[in-house]
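Residue numbers (my numbering), protein chains in the order written: chain A, 1 to 119; chain B, 1 to 145.
Keep in mind that the hints are not guaranteed to be accurate.
Said to hold, decoys possible - Label pairs and their computed distance ranges (CB to CB):
1) A/Arg-109 - B/Glu-23: 27 to 37 angstroms
2) A/Arg-72 - B/Arg-22: 45 to 55 angstroms
3) A/Gly-11 - B/Tyr-145: 28 to 38 angstroms
4) B/Leu-97 - A/Glu-108: 24 to 34 angstroms
5) A/Glu-108 - B/Glu-98: 39 to 49 angstroms
Please keep in mind that the hints were generated in silico from the structure rather than gathered at the bench.
From a predicted model like this one, the values you see are computed outputs, not experimental measurements.
By construction, the Cβ of each residue, glycine as well, lies at the ideal position given by its N, Cα and C atoms.
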Amino acid sequence: MNGNIPILKIGTTLITTVHVELDDAVADAFQVDVLTTIEKTGAKGLVIDISGLQIVDSYVARVLTETTRMARLMGTHTVLVGMRPEVSATLVTMGYAVEGIQTALDLERGLALLGKRLQ
Amino acid sequence: MGTLGASQNPTVVSQQELQITREDDVSVVRRAVRQVALARAFDAFASAAITTATSELTRNVWVHAGGGRAIISELMDGPRSGIRIEFIDKGPGIPNLERVLRGGFSTAGSLGLGLSGSQKLVDEFTIETATGSGTRVVITKWKPY
Chain A
1 MNGNIPILKI
11 GTTLITTVHV
21 ELDDAVADAF
31 QVDVLTTIEK
41 TGAKGLVIDI
51 SGLQIVDSYV
61 ARVLTETTRM
71 ARLMGTHTVL
81 VGMRPEVSAT
91 LVTMGYAVEG
101 IQTALDLERG
111 LALLGKRLQ
Chain B
1 MGTLGASQNP
11 TVVSQQELQI
21 TREDDVSVVR
31 RAVRQVALAR
41 AFDAFASAAI
51 TTATSELTRN
61 VWVHAGGGRA
71 IISELMDGPR
81 SGIRIEFIDK
91 GPGIPNLERV
101 LRGGFSTAGS
111 LGLGLSGSQK
121 LVDEFTIETA
131 TGSGTRVVIT
141 KWKPY
């Protein structure tokens, strides 16, 4: 782990809560941490909670989207949860296309969605 | 270069200039703008919009020009309060500006939403660029009533 964002393992699911501001270097380190943790644990599911993020710019959006695609290539389903209303509005206003990424309102709903996907 | 929707004569209440000399300065400038938005009691949406636009434009200065500066001003225009940020670099300029402003065009392997997206997030946006001598972008966001 070279980042400072903890990744918890519960059963075959990884849960990570982004609680610090993601500057570019932290975002890149987070991506590496997530992928190496998937490899080590063989997790089937991943929930990324971004409810702590007040800002998601195009760089962070790209890292998050790419991380879910990379996880998918490794056989892991990802659900992105907790996006704040102002973050959602900002990304859509900018023209960010939210494609190929599963989302849920909060952690509880994200885990439920993941449970259905993994059945 | 036209100035769309510019206000007549706002008063500058405060001003700070920040140098952009390393990647970490993207966060530094972003935080400074967020502080001003909080001080001016911008709502979460307006605050996220101006802070995100700042993040994009500061990163542009760093990635494309290797550095520059940002001047953050608090404005009053009658009863309205606003934030204006000026991004100045002496980089290579943007030769294909129209293409870049349409969005989805990137030379840096990113989403290509930096300039076009920032423009959509603010109330006023002006850009002056000259190949070989640099770029100056000015954005303004007014506090919603």
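Would you pick out the hints that fail for this structure and give their numbers low to high?
-> Of the numbered hints given earlier, those the structure breaks are 2, 3, 4, listed in rising order.
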